[in-house]
Amino acid sequence: MAETTSLRDAVAQLVHDGDTVALEGFTHLIPHAAGQEIIRQRRRDLTLVRMTPDIVYDQLIGAGCAKKLIFSWGGNPGVGSLHRFRDAVQNSWPVPLEIEEHSHAGMANRYVAGASGLPFAVLRGYRGTDLPRHTDTIKTITCPFTGAELAAVPALNPDVSIIHAQRADRAGNVQMWGLVGVQKEAVLAAKRSLVTVEEIVDELTPVPGQVILPAWAVTAVAEVPGGAHPSYAAGYSERDNDYYAYWDSIGRERDSFQRWLDEKVFSQEVAK
Amino acid sequence: MMSVAAARALSGGQRVFVGIGLPSTAANLARRTHAADLVLVYESGTLGSKPTRLPASIGDGILADTADAVISVPEVFNYWLQPGRIDIGFLGAAQLDRFGNINTTVIGPDYASPKVRLPGAGGAPEIAANCREVYVVVRQSRRSFVEQVDFITSFGHGRGKGDREKLGLPGAGPTLVITDLGVLRPDPGTAELVLTQIHEGVTVEQVREATGWDLTVAPELTTTPPPTEAELTALRELKAAR
Chain L
1 MAETTSLRDA
11 VAQLVHDGDT
21 VALEGFTHLI
31 PHAAGQEIIR
41 QRRRDLTLVR
51 MTPDIVYDQL
61 IGAGCAKKLI
71 FSWGGNPGVG
81 SLHRFRDAVQ
91 NSWPVPLEIE
101 EHSHAGMANR
111 YVAGASGLPF
121 AVLRGYRGTD
131 LPRHTDTIKT
141 ITCPFTGAEL
151 AAVPALNPDV
161 SIIHAQRADR
171 AGNVQMWGLV
181 GVQKEAVLAA
191 KRSLVTVEEI
201 VDELTPVPGQ
211 VILPAWAVTA
221 VAEVPGGAHP
231 SYAAGYSERD
241 NDYYAYWDSI
251 GRERDSFQRW
261 LDEKVFSQEV
271 AK
Chain Z
1 MMSVAAARAL
11 SGGQRVFVGI
21 GLPSTAANLA
31 RRTHAADLVL
41 VYESGTLGSK
51 PTRLPASIGD
61 GILADTADAV
71 ISVPEVFNYW
81 LQPGRIDIGF
91 LGAAQLDRFG
101 NINTTVIGPD
111 YASPKVRLPG
121 AGGAPEIAAN
131 CREVYVVVRQ
141 SRRSFVEQVD
151 FITSFGHGRG
161 KGDREKLGLP
171 GAGPTLVITD
181 LGVLRPDPGT
191 AELVLTQIHE
201 GVTVEQVREA
211 TGWDLTVAPE
221 LTTTPPPTEA
231 ELTALRELKA
241 AR
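Protein sequences appear in the order of chains L and Z.
Just so you know, the numbering used here puts 43 at position 43 of the first sequence, and the rest follows in order with no gaps.
Just so you know, the numbering used here puts 69 at position 69 of the second sequence, and the rest follows in order with no gaps.
If you're looking for bench data, these hints aren't it; they were derived computationally from the structure.
Even glycine gets a Cβ: it sits at the ideal position worked out from N, Cα and C.
Where hints are given, some of them may not hold.
Said to hold, decoys possible - One-sided and incomplete, this derived list gives chain L residues near chain Z with beta-carbon spacing under 8 Å:
(1) T27
(2) P77
(3) P119
(4) L123
(5) T205
(6) Q210
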């Protein structure tokens, strides 16, 4: 059964230094509040996994939480670059950042393999690109039936996966809907999982197209209203597009980023 | 002009894999002008989105709210893109070379310590491999139009005709490149990109100036007809709607 707990306690219990951690959410339902709690608890040497590292990973990387990033597209969507990510890759600031780079199709299939209990996934991908020369988790495999050459990528099994969803009930069953990205796979692939939700309700009412994660497939649930901001939660909030543009001015320089960290993250204790 | 030219390249009920920015503007413009039944697929997991305004990102809620179906990201790539169910893939590029290979990963020869670190691959390598055709939309300059890309993120035509077949890539690769100056197409014999069309008011000399290789110009060079009143109105409406 999923434990219902506070965000602070959940991160303290589930995320350890040196862990491989995935925070997923494809534009929609990105667990920003959980990312900032990881920064606040000063986790170090994390291997961060995410298909689209955007603002929340720029924050984690800039705060020095990560030693490695496994990803397929890193940018501030519709705005430009992630300057903290760039600074870490190009100048090793605040600490060097190792990268393991894939395509979306490769990452999605790595989670699928992880969730399926398989050691690797097969896809028709990467051929002709320079990615396999730099990423040793991309190999070629021959189909035993047709002889076709395909790409093989190893399963991703994070120590902990964190996602944000709309609702959970008191038992810890989780309901999410709208753009569900790769979140279900990320949770099922992980050893431990945390789902932050907009609200905890007595009873879940069915919603068209919903995904349910049963309580027994989730480690912990924490109620964090607005926990996706500046991303959004369909049915609860709109995406804060201005914030994505605003982040460019914060993240661009080390000083402004440091000030932002002190004012917006370290000074804000999340209620127990 | 670039959005209008890109919109005109789309027709009928084609299934289009759409990225944010120019491709999304062009696809939505086409849907509002001459191609009402165009099927828009976004990698965030929406099939058949019919947004009433320009989405602010590929994961804008309006894309899910107006879609025929909302699916997971693994499903987008495995069930819909990989088997060749998508007609046109629309890609941008930081660098594009004379054979239509695309770089969105790093600028500079050294991957480990790049001059500029770009966002990376995203969905592009498999879009370039598996869509029946690929249209590239990119602003043309000597920085973006290079002899050879520093990093092949998405395979175009390799070093010439036949390279895609050798690798077993199912799609035809880049068949059209639309820039702010004109339109290029691969030469049927060599697969090298050739200037086939220039936008009104642009000279061939200007295009050569903005190309990092010795550009071949098609003998039957045409001029892009200027935007029609209907296209301009639809574009303005699209940009104004929020």
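Taking the earlier hints as the rules, which of them does this structure contradict?
Of the numbered hints, 3, 5, 6 do not hold.
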